[in-house]
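Visitor: So the sequence lines, in the order shown, correspond to chains A and B. Straight run, no breaks: the first sequence in the working numbering ends on number 111. Straight run, no breaks: the second sequence in the working numbering ends on number 1114.
Check each hint, because a few of them may be wrong.
A few chain B residues that don't get close to chain A, going by computed Cβ distances all over 12 Å [claimed, not checked]: (1) G1016; (2) T1020; (3) S1027; (4) L1043; (5) G1052; (6) L1061; (7) S1065; (8) F1069; (9) N1077; (10) L1083; (11) G1084; (12) S1094; (13) D1101; (14) G1106.
Some chain A residues judged to face chain B by a derived CB distance under 8 Å, without partners named [unchecked claim]: (15) T20; (16) L45; (17) G52; (18) G53; (19) Q64; (20) S73; (21) L88; (22) N97; (23) Y100.
Simulated from the structure, these hints should not be mistaken for laboratory data. A virtual CB, placed ideally from N, CA and C, is assigned to each residue, including glycine.
Okay, here's what each chain looks like letter by letter:
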Amino acid sequence: TQLLEQSPQFLSIQEGENLTVYCNSSSVFSSLQWYRQEPGEGPVLLVTVVTGGEVKKLKRLTFQFGDARKDSSLHITAAQPGDTGLYLCAGASNTGNQFYFGTGTSLTVIP
Amino acid sequence: DSGVTQTPKHLITATGQRVTLRCSPRSGDLSVYWYQQSLDQGLQFLIQYYNGEERAKGNILERFSAQQFPDLHSELNLSSLELGDSALYFCASSVLLGGADGYTFGSGTRLTVV
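Let the hints inform the model, and build the full structure from the sequences given.
Guide: Laid out in structure tokens, this is it:
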């Protein structure tokens, strides 16, 4: 099992603030995905990063894959209440057969 | 609607019983994955099927089993249930074997063992 640690575990911020969520591992991943999960629903894919050092932007969300492909970050600018949810990173296994999910970051954005 | 259908949505059963969870993948997806999500363990990979064949196993207990049928739907069987089996069970599907195209998750089955 390839462990993915996410930090912080919980985050509560005011609307309009910026935040960064981290996903770290000692393992190298061929690709990494970020998902957001809302209560009562399954996770929804936000982005896939493949190349070390890659940066992808999705509106107010910026995703970065570490140069060594062992870590990733998610930065949200001007957070909104609609960003509230559980953010999960997932790294591709060595065999490439499945993704291992991180421990998750629960984000609450207060209006 | 993600296109992945899981039934039932909620299930309450007693310890020692056996239940079957069902998953219909998104149309065109050949890979099906089962995950267990609990508050203290996060999202744990259980098992993966691709076009009817088992391709990978994660932390799946011997009391649990799964299969994927010719029409690609999948069932997860949980037997001799214990209180600790209470959790959300998610099914996900993808087109590609490894899920590099991204997983599409169903809404999950919430299992409560009493």
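Visitor: Verify the interface restraint on A/G53: the C-beta must sit less than 8 Å from at least one C-beta of chain B.
Guide: 19 Å, violated
Visitor: With chain B as the partner, please determine if A/G52 meets the hint condition of a C-beta pair closer than 8 Å.
Guide: 16 Å, violated
Visitor: Say whether it holds or is violated: B/T1020 keeps its Cβ farther than 12 Å from all Cβ of chain A.
Guide: 19 Å, holds
Visitor: Are A/T20 and chain B close enough, Cβ to Cβ, to be under 8 Å, as the hint says?
Guide: 20 Å, violated
Visitor: Just double-check B/L1061 for me: nearest Cβ-Cβ distance to chain A has to come out over 12 Å.
Guide: 15 Å, holds
Visitor: Confirm or reject the statement that B/D1101 sits farther than 12 Å, beta carbon to beta carbon, from all of chain A.
Guide: 8 Å, violated
Visitor: Does B/N1077 really sit off the interface, with its C-beta more than 12 Å from all C-beta atoms of chain A?
Guide: B/N1077 is indeed farther than 12 Å from all Cβ atoms of chain A, at 20 Å.
Visitor: Hint validation: A/Y100 versus chain B, beta carbon distance must be below 8 Å. Holds or violated?
Guide: 6 Å, holds
Visitor: Close enough to count: is the Cβ of A/L45 nearer than 8 Å to one in chain B?
Guide: Holds, because the Cβ-Cβ distance from A/L45 to chain B comes to roughly 4 Å (cut-off 8 Å).
Visitor: Verify the interface restraint on A/Q64: the C-beta must sit less than 8 Å from at least one C-beta of chain B.
Guide: 18 Å, violated
Visitor: Minimum C-beta separation from B/G1106 to chain A exceeding 12 Å: can you confirm that?
Guide: Non-interface label on B/G1106 violated, nearest chain A Cβ at 5 Å vs cutoff 12 Å.
Visitor: Would you assess whether B/G1052, listed as outside the interface, keeps its beta-carbon beyond 12 Å of every beta-carbon in chain A?
Guide: 15 Å, holds
Violated hints, listed in ascending order, are 4, 12, 13, 14, 15, 17, 18, 19, 20; each of the other numbered hints is respected by the structure.
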